[in-house]
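Q: Sequence:
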Amino acid sequence: MSEIEVYGADGRARSGKRNPVAGWFADLRVNTKILLIVATMAVVAIVVGVTAINSMARMSQATTSMYDQNLVPVAQLGDVRQAYMQMRVDVARSGQGGPVVAQVMNLLPADDAAIDKAVAKYTSSDMAGREKEVAAFKAAVADYRQLRDKEYIPAIAAGDKATADKLVATTIAAANKAMAESLASLTVIETKSADDRQKAALASYTNARTTLIVVLVVGLLVGVVLALYIARLIVGSVRKVSFVAEGMAAGDLTREANVDSRDELGQMAQALDSATSSLRSAIGAVAGSSQRLASSSEEMSSVSAQIAASAEESSAQAGVVSAAAEQVSSNVSTVATSAEEMGASIREIAHNATEAAKVAATAVSGAETATATVGRLGESSV
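Position 59 of the sequence shown, counted from 1, bears residue number 59 in the working numbering, the numbering being contiguous throughout.
Derived by calculation from the structure, the hints in this document are not laboratory data. Check before you lean on any hint, since a few could be wrong.
[Said to hold, decoys possible] Computed Cβ-Cβ distance ranges for the label pairs, DEER-style:
| id | residue 1 | residue 2 | range |
| --- | --- | --- | --- |
| 1 | Asn31 | Ala57 | 29 to 39 Å |
| 2 | Gln61 | Thr210 | 10 to 20 Å |
| 3 | Gln96 | Ala57 | 52 to 62 Å |
| 4 | Ile46 | Ser204 | 18 to 28 Å |
| 5 | Gly129 | Ile213 | 31 to 41 Å |
| 6 | Met300 | Asp27 | 54 to 64 Å |
| 7 | Ala184 | Val225 | 41 to 51 Å |
[Stated by the list, open to error] Straight-line alpha carbon distances no greater than 27 Å define the calculated DSSO-like cross-link-like pairs of lysine-lysine that follow:
| id | residue 1 | residue 2 |
| --- | --- | --- |
| 8 | Lys132 | Lys161 |
| 9 | Lys177 | Lys166 |
| 10 | Lys199 | Lys132 |
| 11 | Lys161 | Lys177 |
| 12 | Lys138 | Lys150 |
| 13 | Lys138 | Lys199 |
| 14 | Lys192 | Lys150 |
| 15 | Lys199 | Lys117 |
| 16 | Lys121 | Lys132 |
| 17 | Lys177 | Lys117 |
| 18 | Lys192 | Lys177 |
Glycine included, C-beta positions come from ideal geometry on N, C-alpha and C.
Turn these sequences into a full structure, and let the hints guide you.
A: This is the structure in structure tokens:
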């Protein structure tokens, strides 16, 4: 198991170890986890259904066995008892004597056949634990028939009622008692067997019910535990993502989800952590730029103060310049007036210079004439 950092809902790191199985399960896709819950509940339903079907099959088998091994034999034993009682009734009727004896003698073969048929049906099933009673009943029936056919009926037919009554009170009574006790013993055996099978069926039902309840409870517990575990995984990841999102909303970019699963929520948490980290880096860069901008702003503020001071000084100097300008303007006006006067003087001087030039030209001409004249005079004087 590898060391990991586990973060709680408060964002505080807690040390922990990731179980490989739990990690593998946590990495499953969310829909796979939900389908796993559904599959678990389906398996529970199938197991409960199969167990119920098997239990019902066993109970059905027990019911069928009870019917075949107890109810049918009890009914057949009842047929034996009924045939036996019918024979006794017919034999008792023969005690009336006269023509009734002939009628009874005609009925006895049918009575014997009914008893033999009922006994054959009864003994066709498993007689385990009943052999002694069945043998005793057959022996008692044989003794009864022997006494009936060899002693009782002939005595009644001969009109020897005293012998007949004595037989009824002694040997026939003993044979009847033996048959009745054998039937009673067989009835007790069948009743006990039915009771045992009923108890077995009840125990089978109880076991089946207990098994169903245990399987259902265990299956539901497994499903609930699995559902709670998956819900815890999902809700835990959602809470971690929500914790980071709340921090972002509050301007805290230091929180991290740190969800180590690789399902959709884990991928979302990792993307959110990456976005938070990128945003944190971007905000850090912006903060650095802001600091540099603040420093530049301070320098600009200092320069602005200097410019303001220079502006004030310039304003003062501008006042001085303005005053000087006014003085200059006044001087310029004076100069302009003097310039106009000077211009007039210059024009006059120019005019006079022109006149003087003319006079000079006239003088030069006169001088040249005088020079020529003097030259000629000189030549003449030689």
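Q: If you draw a straight line from the CA of Lys161 to the CA of Lys177, is it 27 Å or shorter?
A: holds (22 Å)
Q: If I claimed the Cβ atoms of Ala184 and Val225 lie 41 to 51 Å apart, would that claim hold in this structure?
A: 60 Å Cβ-Cβ, so the 41 to 51 Å window is violated.
Q: Do the beta carbons of Met300 and Asp27 sit within 54 to 64 Å of each other?
A: With a Cβ separation near 56 Å, Met300 and Asp27 satisfy 54 to 64 Å, so the hint holds.
Q: Is Lys177 within 27 Å of Lys166, Cα to Cα?
A: holds (15 Å)
Q: Check whether the Cα positions of Lys177 and Lys117 lie no farther apart than 27 Å.
A: holds (21 Å)
Q: Is 18 to 28 Å a correct range for the gap between the Cβ atoms of Ile46 and Ser204?
A: Distance hint for Ile46, Ser204 holds at roughly 22 Å.
Q: Please work out if Lys199 and Lys117 have their alpha carbons no farther apart than 27 Å.
A: violated (32 Å)
Q: Please verify whether Lys138 and Lys150 have alpha carbons no more than 27 Å apart.
A: Holds - the C-alpha atoms of Lys150 and Lys138 are around 18 Å apart, at most 27 Å.
Q: Taking 29 to 39 Å as the hint, is the beta-carbon distance of Asn31 and Ala57 inside that range?
A: 38 Å Cβ-Cβ, so the 29 to 39 Å window holds.
Q: Given the hint that Lys192 pairs with Lys177, test it: the Cα-Cα distance must not exceed 27 Å.
A: Cα-Cα ~22 Å, so holds.
Q: State, for the Cβ atoms of Gln61 and Thr210, whether the hinted interval 10 to 20 Å holds or is violated.
A: holds (18 Å)
Q: Between Lys192 and Lys150, does the CA-CA distance stay at or below 27 Å?
A: Roughly 38 Å between the alpha carbons, so the hint for Lys192 and Lys150 is violated.
Taken one by one, the earlier hints fail for this structure at numbers 7, 8, 13, 14, 15, listed in ascending order.
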